[in-house]
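> Each chain is listed here by its residues.
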Amino acid sequence: MSVVLEAQQLTSVRAGRTLFSDLSWQLAAGEILHIEGPNGAGKSTLLRIVAGLLQPLEGEVLLFGQPQREDPELWQRQTLFIGHKPAVKAELTALENLHFQSRLDGVQLDDPWQLLETVGLLGLEDIPAQQLSAGQQRRIALARLFYSQAKLWILDEPFTALDTRGIDLLHQRFAQHLEHGGALLLTSHQPLTWSGERLQRLRIEAADE
Amino acid sequence: MNNASTWQLLSAIMRRDLAVALRRRSDIINPLLFVVIVVTLFPLAVGPGPDILGRIATGVIWVAALLSALLGSERLFRDDFLDGNLEQLVLLPAPLPVLALGKISVHWLLSGLPLVILAPLCALLLKLPIDAWGILMLTLLIGTPMLSAMTAVGAALTVSLGRGGALLSLLLLPLFIPLLIFAAAAVESTLVGTSAYGHVLLLAGLMLLTLTLAPLAVAAAIRVSVN
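Top to bottom, those sequences are chains A and B.
The UniProt record's numbering applies: residue 1 is where the first sequence begins, and numbers increase by one.
The UniProt record's numbering applies: residue 1 is where the second sequence begins, and numbers increase by one.
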């Protein structure tokens, strides 16, 4: 299997504290990397480094062998990052949020209603997002995954606020993504139902000086 | 793979910002209302004599415009920062300064442009001689994009600070002062019958400089803020 993402000797220091140092790993097409660790261990920081929001103190991240710094724009075209904050506009309805978000993702939505149905928001499409529950807002954000063509998904706690059906749905979608040769990098405190070769685990411990 | 061009992304960002702003009309109306209230209060306070009012009209309108620009300034990137759209903005495959210029343009459309349109009403209330109305509107037309751009720089710098309001005002007001001086001077020279040409050209030059540099500063500030 081809290597999608590679981290080389990543070191990150935040607020004078070393979060991780000399971290190296590889992620092949069709694989999940599940980053584990206690709160404050640096999981989100690692994800933000891979997404391109933060610079590591040392080390490099490569996507298909291309360093991130070389062509950030190409990098951003091939990755999709959903962080803690859902990036849903509270004033806009679910449908409007999907409409604008899909344009920003460079996708022409043929059937937004179908997408709404898939993520379980049909019937709620004309309510401003601020009146929806946290889980429903999360679903608006995660709807991006159902049309995304990005090779690498970077998801920070995607299961937060989702009900069990939502979690199942997400698992199914992850499986499709992996089958199509995508790769997935995620943090989660929920156990993942995957087992075996596809799932890699990386544990980060807060390393004190 | 996201194949959207910079232009498509820019247009999507601007449309979304407009859609969001139109859902929060009070945020658009508040600063304008502030200007109108200040302008209506002055004749009551200093007396309705046209000689005094006409003399201070330009100053009052411009000071009100500057202060109203500060009113909503904190909000410019705050919501985007809180709901995570600011970090998604950084991750879009387009030059960030271009997107920043888009956001500045939307801000100007909703705050600066209405002010330009409102200017004749303010001028009338303050008994500004009618020959100077055109030049007042022209200075506002040139000056308000600068207000939006400079406000955006300040807002982007302070967005991650939580309560950056006081700091933001301190940061921005000194930057507004050259604008105030040249705009007032342009109207003043029309009133005394000399040419305002030089002042207007200076203002236009300042505007071009600001609109060129501010998006770069905003982009850099956003990158720091989402860290």
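Rather than coming from a laboratory, the hints here were simulated on the basis of the structure.
Be aware that a few hints might be false.
[What the hints assert, rightly or not] Now the in silico label distances, taken between C-beta atoms and shown as ranges:
id: 1; chain 1: B; residue 1: L113; chain 2: A; residue 2: D22; range: 37 to 47 Å
id: 2; chain 1: A; residue 1: N39; chain 2: B; residue 2: N227; range: 11 to 21 Å
id: 3; chain 1: A; residue 1: N39; chain 2: B; residue 2: N30; range: 34 to 44 Å
id: 4; chain 1: A; residue 1: P128; chain 2: B; residue 2: P120; range: 55 to 65 Å
id: 5; chain 1: B; residue 1: M1; chain 2: A; residue 2: S24; range: 53 to 63 Å
id: 6; chain 1: A; residue 1: E73; chain 2: B; residue 2: N227; range: 18 to 28 Å
id: 7; chain 1: B; residue 1: L209; chain 2: A; residue 2: H171; range: 31 to 41 Å
Where is the CB? At the ideal position from N, CA and C, for every residue including glycine.
> Give a verdict on every hint.
Hint check results:
1. B:L113 / A:D22: 37 to 47 Å: With a Cβ separation near 54 Å, L113 of chain B and D22 of chain A fall outside 37 to 47 Å, so the hint is violated.
2. A:N39 / B:N227: 11 to 21 Å: Since the Cβ atoms of N39 of chain A and N227 of chain B sit about 19 Å apart, the hinted range of 11 to 21 Å holds.
3. A:N39 / B:N30: 34 to 44 Å: holds (40 Å)
4. A:P128 / B:P120: 55 to 65 Å: violated (36 Å)
5. B:M1 / A:S24: 53 to 63 Å: This hint is violated: roughly 26 Å between Cβ atoms.
6. A:E73 / B:N227: 18 to 28 Å: holds (20 Å)
7. B:L209 / A:H171: 31 to 41 Å: violated (54 Å)
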